[in-house]
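**Student:** So you can see what is in the structure, the chains are spelled out below.
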Amino acid sequence: MTPASFDYLSPASLEEALGLLKEHGDDAKILAGGQSLIPLMKLRFTSFPYVIDVSRIKELKYIRKEGRKLTIGALTTTAELEESGEVRDEFQIIHDACSNIADPLVRNMGTVGGNLSHGDPGNDLPAVMIALKARFNLQSASGKRSVSAGDYYKDTFTTDASPEEMLVSVEIEIPDGRFGAAYVKHKRRAGDFSVAGVAVAFSLDGSGRLGSAGVGLTSLGPTPLRSAGAEKALEGSKPDGEGVKKAVEAARADSNPSSDFYGSREYKLFVLGKIMEKCVAEAAGRAQKEGSA
Amino acid sequence: MTESVTLHREETKNVKWVGSRYPRKEDLRFVTGNGMYASDIRIPGLAHVAIARSPYASAKIKGIDKSKALEVPGVVAVFTGEEIVAELDPLPNLLPSPYDKVKDYGIAVDRVRYAGEPIAVVVAESNYAAWDAVEQLEVDYEPLSPVLTAKSGCEKGAPLVHENVPTNVVWQRKFTYGDVDEVFKTADLVVSKKFKWHRFTSAPLEPNVVVVDYDKRHVIFNIWSNNQRPAFNQAAIAKALRIDANRLHFISPDIGGGFGIKNENYPYIILLAVAARRIGRPVRWIETRTEHMVASAHGSEINYEGEMAFSRDGKILGLRAKAYHDEGAYMRREPIAAFNFIRHATLTYTFRNLEMDIYAVVTNKCPVGPNRSYGKMQQGFLVERLLELGAKKLGIDPIEIRLRNFVSSEQMPYETPTGAILDGGDYSRALKKVLENMDYAALVKERDRLRSEGKLAGVGISMGMDACPINFSSNRLINPKSTASGESEAAWVKIDEDGNISAAVGTSPQGHGHETVVSQIVADVLGVHPEQVYALPGFDSWTHPSTPHSGTYASRFAIAGASAVNEAARRVRGKVLRIAAFALKEDVENLELADGSVVSTKGKGKVPLKEVARLAWRDLANLPEDEEPGLYSNVIYKTPFKLPIDSQRGNFSLTYSYSACVVLLEIDPGTGVSRVKRVGIVEDAGNQINPLIVEGQVHGQMGHQLGAALYEDLVYDEAGQLLTATFKDYLAPTASDLPSYETGSIVVPSLFTPLGTRGTGEGGGAPLIACANAMDDALLPLGVEYDSSYLSPIKIRELVKSASGK
Ligand SMILES: Cc1cc2nc3c(=O)[nH]c(=O)nc-3n(C[C@H](O)[C@H](O)[C@H](O)COP(=O)(O)OP(=O)(O)OC[C@H]3O[C@@H](n4cnc5c(N)ncnc54)[C@H](O)[C@@H]3O)c2cc1C
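Sequences listed follow chains C and Y, in order.
So our numbering is basically just the index in the first sequence, starting at one, shifted up by 34.
So our numbering is basically just the index in the second sequence, starting at one, shifted up by 1094.
Keep in mind that the hints were calculated from the coordinates and are not lab data.
Every value quoted in this text rests on a predicted model; they were computed, and no experiment measured them.
In this text, a Cβ means the ideal position worked out from N, Cα and C, and glycines have one as well.
Some hints here could point you the wrong way.
[To be verified] Residues on chain C that point at chain Y, a partial pick, calculated with CB under 7 Å:
1. 36
2. 40
3. 221
4. 223
5. 224
6. 301
7. 305
8. 312
9. 315
[To be verified] One-sided and incomplete, this derived list gives chain C residues near chain Y with beta-carbon spacing under 10 Å:
10. 72
11. 89
12. 93
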C-alpha cells in the first residue's frame, strides 16, 4: 500500500471534523471506513494533502427506529446494519443490500455514509435509499440541510455535498399500511460489485394495486439512478401485470450503462429486465406482510 | 474413496508411512501465520525498489528525464533500461536462428513492447519515496500501433514486435504422424471447428518478491526470492549478469503458491542484482497485484482450427489442427506451451494419425509463461472437444465413444504416434469409477429435470492427462542446436552423531508439503517415525543439493524428488546395516531396521540407531576397515530418459497421470451465467505417497480449472491495455463461488518410477474441458455450439438469444 503522502487528521468530534473541513476545503478528504477511498489512493488514482479520518466520531454511529421511521448515523458500518435485527425484520430491503456488499471484512470496515457518499454507481446502498425515498442530512460548520436520495448524485464520484459538508445521517420513513421493498443484485462472484442491481419499494392498496413507488438502479449509468419512469409505470398497476413490463421498459430508457467485460450495454439492459421482474415479485410478497419493508 | 496402496518395489517393503494420510508438517506454521516468506526478510540498510512501467503496448522511448525523480526526498538512485542493460547480456531463449536474436533484458531500452513492461528501476529509502519518484519520471514516448492477436500478427505487413527479426511468427513447425491426408479423405465423418483457448493465469496469492544483497567482500550475490526453481534459472541469471553461477547464492524460503508463474521472476532477480551492485546496498522489490497481473506471466492463448476424422462406429481416425499461439512480447520459456502438445498429443486414445501445425506469434501483450498444466490441458481441450462433437454427430453416447477409443490396460506400456510411452493405467476403469461415484444416470435425470424447468443444463465428461516430468531432449525438437537431454534431481539424507535424521531436496516447494512427504519416505526406509526426520524447508543453494533441473514444476516431485531422497535414504540405510552388522558380528541379511534400532532376526541382539551414529562419527577405530566415517548420502537421481527417436518423436515425459471428470452444468438462459452443480473426478497418480496431499492437489486443480472455465479471463482493450488488472476485475474464484468436489482415485502403479508414483500436481485440465463439453450438451436443444474454453455469460447470452429469439 503506497499512496502519495498526506497529512492525517483524526478529529474526535463532529464539531472538530466540520471545523477541519472548513479549514482545508478542497484540499481535504473524509476517510470513513476507507474501503473505497484507500483502494483509489493506493493505486494513486487520487491523492489529497489532508485526509480527515472521521472513524473516531462515536456520535455518528447509531441505528434508531421509531415506529416506521429509521434513522442511521453515517458512521454505522454496513455490517452493523446487516446484523441489526430491526433492520432485517422491518427493512428487509436494506438487509438485502448489506448482505450483498463485498465480503464480511469490507462490511466490518465500510460505513453507510461512505457507501452513500462515494458516488460510485456500483455501490448498492444508494439505489436502496433512492427507492425508499430517504433523506440525507448534511452538516457543515456553517449549518445543516437535507437532500433527498434521488437528488444527491450528480456525476460519477460526485455528490451534492460540498467539500465542507459531511453526511451525518439518513432518514427513512415508510408509509402506513401495506408496504413492500426489495433489492436484487446480479453479480459474478460472491463478493463482487453488481453487473446490475435494482431496488424497488411501493405500498399496496386494498385492491392489490401499487401505490406510491420508488425505483433505484445500480451499475446502470454514470451515477446511482432513480427511474422516475419506472415508478410512474408501477403506480396503479398490479405487481404481476403489464405495469411491470412497462416499468422495465421505462427503467431501460432511464439507464445508460457502458459496455465493459461485465457485459455489453445490451446485456446489462437485458439483465435489468430479468432482475426487475424478480425484484417487484419479491417486494410484492413482502407487502402482503403488513408493516414491513 | 482412495484404493488401498500396494507399493510394488522392493525398496519399500516395510511401508508404514508412505501411502498414509499423514497430516502435513508445514501446516502448523502456515495456518498460525508463522510462514517465512521472501518479503519477511530483514536486512540492515535495505533499500526499496519500485519499477516504472510502460503505459503503452507499443512505443518508442525517445528519452527519459530522471532529474525530477532524483529530487524526490529519499530517492537513492534511478536506473533507466539503458543504464541497466549496459551491465547485462540478453536473456537466453530457446528459439532457432534468426529468432534467437530477439533481445530480451527484462527491461525495455529504446522500445516498449507491452503495457506494463519495466522501463526504469527506482531505488529509495522507502517504498513510498520509490513510488513518488516513479510518478516524477518523465518519459517521452512515441506510440506505435500494437499487435494484439496471433492472427493479426501473422498477417503480411503487420507491425513487427521485434524489429530485428523478419516476422512475428517466431517459431513455426508442422508435425505430421501417420497418413493424415488419407484418413481424412476416406473417413466416414470429419468434424471441424475453430476454438478459442482463452488467456488466464493462476494468480498466486503471494506476488513476486526479490531481495538481493551484493556481498562485495566475497563477490557473492545473496538472492532471496520466491522463485520456484532457482537452481534451474541460475545459469540464465549468471549469463545475463556476466558472472560465474557459483557466485549466486539463492534462497527461496516459504512460497505462497507458484503454479509455474514463479519460474518467471528471474528477470527481476537480474534487475535487482544490477541495482544492488551499483548502489552497494541490499535492495528489495515486492510486486503489487496489478504489476503481477499486467507483467508477470500469463497462461497461453490459442486460436485452434481443428478437425477430427471418425469411422462410422466412432473410432477416431485422425486429428488435424492449426494452432496460433499468442505468445505475448517475449519468448522466455516459450514456445514450450505451443510445443507441449507433443507430450500426450493423443491423450488417452489410440488414434495414430495426427497433424499439428503450430504458429508461435509474438504480440504486444504480457509474455506467456508456464502456468499449471502448461500446454497440456490445451491439447486435452482440442482432442476432447472434437471427440465430443464427433460423438454428437455420430449419435454415439459420450461414454461409449471414449471406451471405444481408449488405450487399454493390456496395451501398456503403450507407445503413442509421437513416441510417448504411456506408463500404465486403466482409463476405462477411471471413467467408469467417476460415473459410478457420481451416479451418472441420476446426473442425467437431474439435467433433464432442469431442462423441463426451462433452464439450460448439460452433462460434460472429459479425460485429462498430466505428462511429467520434462525430458529436456524435447528442446532439440524446438531448436536442433539444443544439446540438452533428460532431467535429474538431487537429495541428501544425513544421520548426525546423535542419531538425528535430516534430509534435503532441491525442489523449492511452494506449499506442496515436501517436508511431510520427504519425512514419510525417509521414515519408512530408516525405520523411524516421520517426526524424527527433519526435512529442510524451502531451498538454499548453500545447504540444499541441486542440479540444473531442480525445482518444483512440471509435476516432477513424486518422480524425481521422491526418487532422489528415497535412494539417498537407502544408501544411508545400507551403511547403517553394515556398521551394525560389524558391531553385532551378524550378517547384514539377518538384520532389520525398525523402531529406531537395528535388530538381528537370529537373536544376536540389537543396536540402537543412535549407537550406530556414534560409531559412524565418533568411534572411528571401531568401524569396519573399508567403511568411510559418517552417515550421509548425497544422491543425484537421473530420471530415465532417452534422446528423441527422430526430429518429431520421442518420450518426453516419464509418467502420464490421468483423470476422468464429469460435471453437471446449469445455465441461466436469461443471464448466461453458468453454475457447476456437481463435479466429480477420479484420477490415477499411481502409488500415492500421501493421499491427503494428492487430494489437496486435486482440489487445487479443480479450483484453478473451474475458475478458468467460469470466471477468469485476461481481457485487453483495443489499445493493448489489460482491463483485468486487479482482483476486482480478474475474477479469481473464492470458496463461495465453487461447488464441492467429489474426488476419488484409482491406483495403477507407474511402470517406470521406483516408488510406482506419477506426477500429479498440475492435473490435466479435465474439469475445465468437462465444463466446455457440458456447455455444448446444454446448448444442444437450441442447435448451437460453443467455441471457447471460457464460459462467458455475455457470449452465452448472445448465443441463446440468437438461437431462441428469447
Ligand atoms: C473488495 C471490495 C468490494 C466491494 N464491493 C462492494 C459492493 O459489492 N457493493 C458496495 O456497495 N460497495 C462495495 N465496496 C465498497 C464498500 O462498501 C465501501 O465500504 C463503501 O463504498 C465506502 O464506505 P467507507 O466507509 O469505506 O468509505 P471511504 O472509503 O472511507 O470513503 C468513500 C468516499 O466517501 C466519502 N465519505 C465517507 N464518509 C462520508 C461522510 N460521512 N460524508 C461525506 N462523505 C463521506 C469519502 O471522502 C470518500 O470520498 C467494496 C469495497 C471493496 C474494498
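**Student:** For each hint, tell me whether it holds in the structure or not.
**Tutor:** Here is how each hint holds up against the structure:
The criterion of a C-beta within 7 Å of any C-beta in chain Y is met by residue 36/C, whose closest approach is roughly 4 Å, and the hint holds. Interface restraint check: residue 40/C against chain Y, minimum CB-CB distance 11 Å, threshold 7 Å, status violated. Against a cut-off of 7 Å between C-beta atoms, the interface hint on residue 221/C is violated, since the closest Cβ of chain Y lies about 10 Å away. Taking 7 Å as the C-beta cut-off, the interface hint given for residue 223/C holds, the closest approach to chain Y being about 5 Å.
Hint on residue 224/C holds. Least Cβ distance to chain Y is approximately 4 Å, under the 7 Å limit. Using the Cβ-Cβ criterion of 7 Å, the hint placing residue 301/C at the interface with chain Y is satisfied: the shortest such distance is roughly 5 Å. For residue 305/C, the suggested interface contact is upheld, since its CB lies about 6 Å from the closest CB of chain Y, less than 7 Å. Hint status for residue 312/C: violated, given a least beta-carbon distance of 10 Å to chain Y, over 7 Å.
At a threshold of 7 Å, the smallest CB-CB gap from residue 315/C to chain Y is about 14 Å, leaving the interface hint violated. Interface hint status for residue 72/C: violated, as the beta-carbon distance to the closest one in chain Y is roughly 13 Å, over 10 Å. With 10 Å as the threshold, the beta carbon of residue 89/C stays out of range of chain Y, its nearest partner Cβ sitting at about 22 Å, so the hint is violated. Given the 10 Å rule on beta carbons, the hint for residue 93/C is violated: about 33 Å separates it from the nearest Cβ of chain Y.
Hints 2, 3, 8, 9, 10, 11 and 12, counting from the list given before, are not met by this structure.
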